[in-house]
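Novice: Construct the entire structure; sequences and hints are all you get.
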Amino acid sequence: MSSWRKATGWTMACAAALAAAGCIIFPPKIHYNSFMVPAEGGQAGELYRTEGDGSISYVMEGLRLNVRFLTDAELNAQLPEDSFKGKYSTNPYTYGDHVDGDVGYTPDRFTTFRVSVFNQTFAKVQLNPIEAVLLTDQGDELNSYGIPSTSPYNSFERYYRGLRGQSGNEFYRFEVRMGHVRSLNYAESQPIFKGENYSGLIAFDALERDVRRVRLVLQEFTLKFDEFGVPLETIDCRFDFRRQIEMWEVEEEDETLVSDSGQS
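Each residue of the sequence shown is one higher than the one before, counting from 46 in the working numbering.
It should be emphasised that the hints constitute simulated quantities derived from the structure, not laboratory data. Any given hint could be a false lead.
Below 20 Å or equal to it, Euclidean Cα-Cα: the simulated PhoX-like pairs (lysine-lysine) are [stated by the list, open to error]: (1) K169 <-> K239; (2) K169 <-> K74; (3) K130 <-> K74; (4) K269 <-> K169.
Computed from a predicted model, the values in this text were never measured in an experiment.
Specialist: Structural data, given as structure tokens:
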């Protein structure tokens, strides 16, 4: 049995005993970080390459699609004023620095990638972020989050409306989050003309703990249109990542490793 399971079992046993005695306990403070790196051998062929920053690029004829997984720390750094207010943090992609008292750390809210398109050759190209899917080694197929409530699969607006309370402060935080999503998320119907580039975030539900490999599929990326704007040529681009998890108990004078590295 792993040290993490032993520690968890001991904690649950102690919790039951102390609860019976009328005591209140709190879980230990845990350092938690979930991140992804390009999967070795995941992308076959000359069209894919791994970049120095841990991203993956699909390259053809002067066109480059670059995908990079973003950790919660990186997402928080993008919106520092919205990410360090505890439970009132308004970063729409993370829980900010709010620690879940039931587990002792800040869990993932979403699984987020930055997708960038650099077009030097084609008259116009276009990616529909709503059609992006995330496949996991556990057999899951996750759909991306759109912005408005009318999005066909998942929606930031529906998600945050479901969490919104009735106070004026709750409505304010809802508007702040939605404002950030509209600015940062990869926009629908965004054409990228020759000589231009565009970048935005694509988010999915948080991954289950046992997921170790994922494949992001950008479906029906349009390379050519007819005179009426109807797609003539499309491709599907696949980006494979290996997931790792850092997790250890933080003590006052020491840090004791208690969890897995996510190697597979």
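Novice: If a hint holds in the structure, say so; if it does not, say that too.
Specialist: Structure-based check of all given hints:
1. K169 <-> K239: The given pair, whose Cα atoms are some 6 Å apart, holds under the 20 Å limit.
2. K169 <-> K74: Violated - the C-alpha atoms of K74 and K169 are around 50 Å apart, more than 20 Å.
3. K130 <-> K74: Between K130 and K74 the Cα gap is close to 18 Å, so the pair holds against 20 Å.
4. K269 <-> K169: The given pair, whose Cα atoms are some 7 Å apart, holds under the 20 Å limit.
The structure shown violates just one earlier hint, number 2.
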